[in-house]
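Novice: Numbering (the UniProt record's numbering), first residue to last: 1 to 191.
Simulated from the structure, these hints should not be mistaken for laboratory data. Take these hints with a grain of salt, some might be off.
Between beta-carbon pairs, the in silico distance windows are [claimed, not checked]:
#1 L7 / N128: 44 to 54 Å
#2 R149 / A43: 21 to 31 Å
#3 L151 / V187: 48 to 58 Å
#4 G67 / R28: 17 to 27 Å
#5 L7 / Q150: 57 to 67 Å
Idealized CB from N, CA, C, for every residue including glycine.
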Amino acid sequence: MRWLLWLVLLVAAWLLGVAAWIVHVGNRDQAGPADAIVVLGAAAYDTRPSPVFTERIRHGIDLYEHGYAPTLVFTGGYGDGARFSESQVARSFALREGVPNEAILIETLSRTTHQNLLRARDVLSDHNLQRVIVVSDPLHMARALRLCRQLGIDAIGSPTPSSRFRSFRTQWRFLAREVYFFHRDLVVTPD
């Protein structure tokens, strides 16, 4: 029976360690000179980005305006029944904010984080862009950067400073989901 207690304590310590690592990575802003800023997709409602996606787009634009990179790459495909892809909605938002069209690249086929980055890698390769800053929510950053490494993308992270996941409940749920994905990705190749 004692071994069971030790096993439970060991598993709990492991899970807390993974969660702490995810929080740590999400609290580091590594923004530095790069060739492009890759903004990971999130939901869009017809022509409006969701509040989460709005914050990601705004942060990407802020990095662009501060001269970290000359190109914005928006990712995200079509949601169920959507007229516009997430990346098209992001491009429209950025254009309204004064970003020139020639500074924006998009991909419109992805539906998951892995697909966002896989398609972004193709866009980056097509335009000979090497080093990127990845923009997402803080608790999503560890997984995004891990996927970048797996896909051979030279990436640094810049989490949104104004994440919509602010309450304890929403942060806890997001963190629990990311701990799950950390372990799932060890066993299953992400889609």
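Novice: A separate judgement is required for each hint: does it hold in the structure or not?
Specialist: Results for each hint:
{"no.": "1", "hint": "L7 / N128: 44 to 54 Å", "verdict": "51 Å, holds"}
{"no.": "2", "hint": "R149 / A43: 21 to 31 Å", "verdict": "26 Å, holds"}
{"no.": "3", "hint": "L151 / V187: 48 to 58 Å", "verdict": "18 Å, violated"}
{"no.": "4", "hint": "G67 / R28: 17 to 27 Å", "verdict": "20 Å, holds"}
{"no.": "5", "hint": "L7 / Q150: 57 to 67 Å", "verdict": "30 Å, violated"}
Hint compliance for this structure: hints 3, 5 are not met, and every other hint is.
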